[in-house]
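> Throw the hints in and build the complete structure from the sequences for me.
Sequential numbering from 31 applies to the sequence shown in the numbering used here.
Read the hints as simulated data drawn from the structure, not as lab findings. Among the clues, some could well be false.
As the list claims (entries may be wrong) - Pair by pair, the computed Cβ-Cβ distance ranges are:
#: 1; residue 1: Met39; residue 2: Gly112; range: 21 to 31 Å
#: 2; residue 1: Ile51; residue 2: Ser77; range: 21 to 31 Å
#: 3; residue 1: Arg75; residue 2: Arg109; range: 44 to 54 Å
#: 4; residue 1: Val116; residue 2: Ser77; range: 16 to 26 Å
#: 5; residue 1: Ile90; residue 2: Ala52; range: 37 to 47 Å
#: 6; residue 1: Ala120; residue 2: Ser77; range: 40 to 50 Å
#: 7; residue 1: Arg48; residue 2: Ala98; range: 21 to 31 Å
#: 8; residue 1: Ser113; residue 2: Phe88; range: 28 to 38 Å
#: 9; residue 1: Ala70; residue 2: Gln110; range: 38 to 48 Å
#: 10; residue 1: Val89; residue 2: Leu45; range: 16 to 26 Å
C-beta: ideal position from N, C-alpha, C; glycine also.
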Amino acid sequence: MVALLLFSMGLYAVLARRNLIAILIGVELMLNAANVNFLAFAYFRPSEPAVAKIITLFVIGLAAAEAAIALAIVLMLHRQIGSVDVEDIAELKGAAHES
Numbered sequence: 031m032v033a034l035l036l037f038s039m040g041l042y043a044v045l046a047r048r049n050l051i052a053i054l055i056g057v058e059l060m061l062n063a064a065n066v067n068f069l070a071f072a073y074f075r076p077s078e079p080a081v082a083k084i085i086t087l088f089v090i091g092l093a094a095a096e097a098a099i100a101l102a103i104v105l106m107l108h109r110q111i112g113s114v115d116v117e118d119i120a121e122l123k124g125a126a127h128e129s
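Here you go:
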């Protein structure tokens, strides 16, 4: 139930927000929901608990790498345009295709 709530909150943040930082936080919430599910499956199915723990550690590492790369991109966009709003970035993409 906790994983469903976390995933729903993350999905809402990804779909409803326009700020790239809020979208990134939503993606991180969804990855954490997956981790909670893996650990819950390991608890309720103890035949292979190490596999779920290894997958959880892998997802944590993947989430950290994704967050670092995404934050670097967001920081670069903020320095270039002065905004992290999705609409402002979409306008830049349209302006580049017109020329």
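> Confirm or reject each hint.
Against the structure, the hints:
| no. | hint | result |
| --- | --- | --- |
| 1 | Met39 <-> Gly112: 21 to 31 Å | holds, 29 Å |
| 2 | Ile51 <-> Ser77: 21 to 31 Å | violated, 41 Å |
| 3 | Arg75 <-> Arg109: 44 to 54 Å | holds, 48 Å |
| 4 | Val116 <-> Ser77: 16 to 26 Å | violated, 44 Å |
| 5 | Ile90 <-> Ala52: 37 to 47 Å | violated, 21 Å |
| 6 | Ala120 <-> Ser77: 40 to 50 Å | holds, 48 Å |
| 7 | Arg48 <-> Ala98: 21 to 31 Å | holds, 23 Å |
| 8 | Ser113 <-> Phe88: 28 to 38 Å | holds, 34 Å |
| 9 | Ala70 <-> Gln110: 38 to 48 Å | holds, 42 Å |
| 10 | Val89 <-> Leu45: 16 to 26 Å | holds, 22 Å |
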